[in-house]
Amino acid sequence: DTEVTQTPKHLVMGMTNKKSLKCEQHMGHRAMYWYKQKAKKPPELMFVYSYEKLSINESVPSRFSPECPNSSLLNLHLHALQPEDSALYLCASSQTSGVNEQFFGPGTRLTVL
Amino acid sequence: QKEVEQNSGPLSVPEGAIASLNCTYSDRGSQSFFWYRQYSGKSPELIMSIYSNGDKEDGRFTAQLNKASQYVSLLIRDSQPSDSATYLCAVSGGTSYGKLTFGQGTILTVHP
Chain U
1 DTEVTQTPKH LVMGMTNKKS LKCEQHMGHR AMYWYKQKAK KPPELMFVYS
51 YEKLSINESV PSRFSPECPN SSLLNLHLHA LQPEDSALYL CASSQTSGVN
101 EQFFGPGTRL TVL
Chain W
1 QKEVEQNSGP LSVPEGAIAS LNCTYSDRGS QSFFWYRQYS GKSPELIMSI
51 YSNGDKEDGR FTAQLNKASQ YVSLLIRDSQ PSDSATYLCA VSGGTSYGKL
101 TFGQGTILTV HP
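Sequence order for the protein chains is U and W.
Going by the working numbering, the first sequence opens with residue 1, and the numbers climb by one from there.
Going by the working numbering, the second sequence opens with residue 1, and the numbers climb by one from there.
Bear in mind the hints are in silico, worked out from the structure with no lab data behind them.
The structure displayed is predicted, hence computed values, not measured ones.
Mixed in with the good hints, there may be bad ones.
[Unchecked claim] Label-pair restraints from in silico Cβ distances:
(1) U:Pro8 <-> W:Asn53: 26 to 36 Å
(2) U:Gly98 <-> W:Ala17: 31 to 41 Å
(3) U:Ser65 <-> W:Glu15: 40 to 50 Å
In this text, a Cβ means the ideal position worked out from N, Cα and C, and glycines have one as well.
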């Protein structure tokens, strides 16, 4: 199984809502990543989890809160987002954070109204 | 100077031609180099990884790495309309240890 799954595929939320994005991988990878991608731009790294511990936070606003409940799951909790946070949110995984052949999930298309 | 730069594109080639995509990087400590393909509205898909100088071939794709010139390229032989996508060069290692640094991407169109 070489797949990273993400739910939901699409999400529309208001600025006062709280929602969560979910990511799952069953490749035995020990590094997982959250990226944000705006139209016509490359993916922009947000967070890196290595062995279920947060290892990199790229100065992401606190309205984005990551969580890694176990080695297969990664969540991104969203609260009080702004319209400019609308983007494609991508999850990726790799064998370890030092082996950076990363495999991406299909993404969640987020729209903030 | 951007950390990873790609030929700006867009690049248009006829079906059956060779498409050449280029990427330069600034961090001499970089160790791992990747090419991702991204179709419109989809997520990036890893198509090639290269770690040492020289060529690496996989089907119609050839990645070339020259660490002395800090240059990595992707050649697509016998280009097909289905190859039309954005190609992202990504680099890891050095100051980017533990993460990927992406170029801005090159849009490739293969016309019949």
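Hints and how they fare:
Distance hint check for Pro8 (chain U) and Asn53 (chain W): the Cβ-Cβ separation is about 44 Å, which falls outside the suggested range of 26 to 36 Å. The hinted window of 31 to 41 Å between Gly98 (chain U) and Ala17 (chain W) holds, with their beta carbons roughly 38 Å apart. Between Ser65 (chain U) and Glu15 (chain W) the beta carbon distance is about 47 Å. The supplied range of 40 to 50 Å therefore holds.
The structure fails hint 1 only (numbered hints given earlier).
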